[in-house]
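Chemist: One letter stands for each residue in the lines below.
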Amino acid sequence: MIKATNLTKQYDNGFVAVDSLNLQVNKGDIYGFLGPNGAGKTTTIRMLNGLIEPSDGSVTIEEKEVKSENALVSKLIGVLPESHGYYNWMTGREYLKLFAELYGVDKKRIKSRVEEVLEWVGMAGKADILIGQYSRGMRQRIGIAKTIVHEPSIIFLDEPTLGLDPQGQKDIQSIITRLNQEQNVTVFITSHLLKEISEICNRVAIVKQGKLLEEGYLDELIKGYRLVLRNENPTLEDIFFSLTTDEVGGSI
Amino acid sequence: MSSLIKKEIREHVFSRKGVWIFFAISILFSGLTYSFISVKELSLLAQVEVNMTFMKALIGISILVSIILGSTMVSGEREQGTLESLLLTPLSKVKIILSKVVGILVFWLIISVISIPYFYALTYGTNMLLTILSYLYLIGLPLVISFSLLSLAFSTWISSSKNATLLSIVLFLVTAIPMFLSTTMKKSGFAHLVDLLSPVSASMLTLKDWLVNRLGFFFIFMDSLPVLCFLAISIICLFYASKKMDFLGGE
Numbered sequence: 001m002i003k004a005t006n007l008t009k010q011y012d013n014g015f016v017a018v019d020s021l022n023l024q025v026n027k028g029d030i031y032g033f034l035g036p037n038g039a040g041k042t043t044t045i046r047m048l049n050g051l052i053e054p055s056d057g058s059v060t061i062e063e064k065e066v067k068s069e070n071a072l073v074s075k076l077i078g079v080l081p082e083s084h085g086y087y088n089w090m091t092g093r094e095y096l097k098l099f100a101e102l103y104g105v106d107k108k109r110i111k112s113r114v115e116e117v118l119e120w121v122g123m124a125g126k127a128d129i130l131i132g133q134y135s136r137g138m139r140q141r142i143g144i145a146k147t148i149v150h151e152p153s154i155i156f157l158d159e160p161t162l163g164l165d166p167q168g169q170k171d172i173q174s175i176i177t178r179l180n181q182e183q184n185v186t187v188f189i190t191s192h193l194l195k196e197i198s199e200i201c202n203r204v205a206i207v208k209q210g211k212l213l214e215e216g217y218l219d220e221l222i223k224g225y226r227l228v229l230r231n232e233n234p235t236l237e238d239i240f241f242s243l244t245t246d247e248v249g250g251s252i
Numbered sequence: 001m002s003s004l005i006k007k008e009i010r011e012h013v014f015s016r017k018g019v020w021i022f023f024a025i026s027i028l029f030s031g032l033t034y035s036f037i038s039v040k041e042l043s044l045l046a047q048v049e050v051n052m053t054f055m056k057a058l059i060g061i062s063i064l065v066s067i068i069l070g071s072t073m074v075s076g077e078r079e080q081g082t083l084e085s086l087l088l089t090p091l092s093k094v095k096i097i098l099s100k101v102v103g104i105l106v107f108w109l110i111i112s113v114i115s116i117p118y119f120y121a122l123t124y125g126t127n128m129l130l131t132i133l134s135y136l137y138l139i140g141l142p143l144v145i146s147f148s149l150l151s152l153a154f155s156t157w158i159s160s161s162k163n164a165t166l167l168s169i170v171l172f173l174v175t176a177i178p179m180f181l182s183t184t185m186k187k188s189g190f191a192h193l194v195d196l197l198s199p200v201s202a203s204m205l206t207l208k209d210w211l212v213n214r215l216g217f218f219f220i221f222m223d224s225l226p227v228l229c230f231l232a233i234s235i236i237c238l239f240y241a242s243k244k245m246d247f248l249g250g251e
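For the record, the sequence lines run as chains F and H.
If you use full-length UniProt numbering, the first sequence corresponds to residues 1 to 252, in order.
If you use full-length UniProt numbering, the second sequence corresponds to residues 1 to 251, in order.
So that you can see chain F by itself, here it is in the shape it has in the complex:
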């Protein structure tokens, strides 16, 4: 379970990227974290996984304080950052082996675990090719494999389908759903693709300028917004735009 209380990030220049955010992600959730560009999604993810320190507030993961028990928390979580780089001179298999070792996976189990995750992401046949020769979709698959190689109970995916073609997006969505359903992995995902989020997430949060605007189970949100939007079947897109579009007519 992820619990963020009063999470705030204010930079030295006074800019508040995240403002008193309160979140709770339950075990087994696929939690969609939505917001326009500059809403503070990536900053929030980085605070949740302990990469940057919040100016105020606290985060606990599986009841462990992220700030004080960082090494312990890092074994419980897997993170696929938005601008994720790779060692292009390594093969996919070598890359996964390296991260399995860095995360302290049992030495006897590393080989079989690497094979397992390669199968999971559909890269078993291409694992001995240099990452530098991979397409963007293949790199994302290897990135997801790296994220789950140490068997985390929670994964953070920051725009995992960014820049992928429709088939690539669908493949990544299917991997995420299977991970959640078959391995009971809790997923915290950000994406600009609202259709994608509404297809795979059971809960969503919508943020704008660092503030939480709406949060809840997707089906309940849709029910709740029927009256507000005067629409019998509002989509996540309708809710998102009603919350994030300013009076001038564009989202910030």
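Please note that the accuracy of each hint is not assured.
What the hints assert, rightly or not - Within a straight-line C-alpha distance of at most 30 Å, the following computed DSS-like cross-link-like pairs (lysine-lysine) qualify:
#, chain 1, residue 1, chain 2, residue 2
1, F, K108, F, K170
2, H, K162, F, K108
3, F, K126, F, K111
4, H, K95, F, K75
5, H, K95, F, K211
6, F, K27, F, K223
7, H, K244, F, K108
Derived from the structure by calculation, the hints contain no laboratory data.
Using the hints, position chain H against chain F.
Modeler: Here is chain H on its own, set in the frame of chain F:
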């Protein structure tokens, strides 16, 4: 941590780049040695002077190569977007930096091993080889490592590899300035101060007192004190920098 050390060694030492650097250094050493033997004016130099010149060249090249390597190690990871993933592992920041230090150390050890046959040829017929090698590993190693640690610290603080490399080279040039000054200039004002404090100057003075003047341990130790102080300062700087290391870096 051992897996990260292996990765660093593979990436920087046994990579195409690393092999080319070792090859270029071998060619350079061969050229220098050949000149000392075949060029009439150079072959007239005393053997001790020949070895001192070769040692200066070896240390200068080693410092330059290791600062270029060190200054691109962390900022390079940051630029290619891999630092974030490393920082997310349970490995501490100090261990991540230490693995990079080991990478540089292995790189330098290979350069030093490449130089041994050349020293063997240049000291042939004398009993200087052991002294030369002792100097190389007792004084040369701390000096080269100090510069690499500082360049690693710059690489940790500064987000751009180019700026970190530039800063490291400027630091090397400033500390090496006394080598290019005349004896009279070295005795006056600011130049005297730089000469007194410079670890590069101190290493050269140690070399002279060890090889030519054959002074005792105490004097050699006193000569090399700036090198050891420089090493201590570099270690402190790197330790502080590693604690502050983040995936964004500064300017």
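Chemist: Going through the earlier hints one by one, which of them does the structure break, listed in rising order?
Modeler: Those not satisfied are hints 1, 2, 5 and 7.
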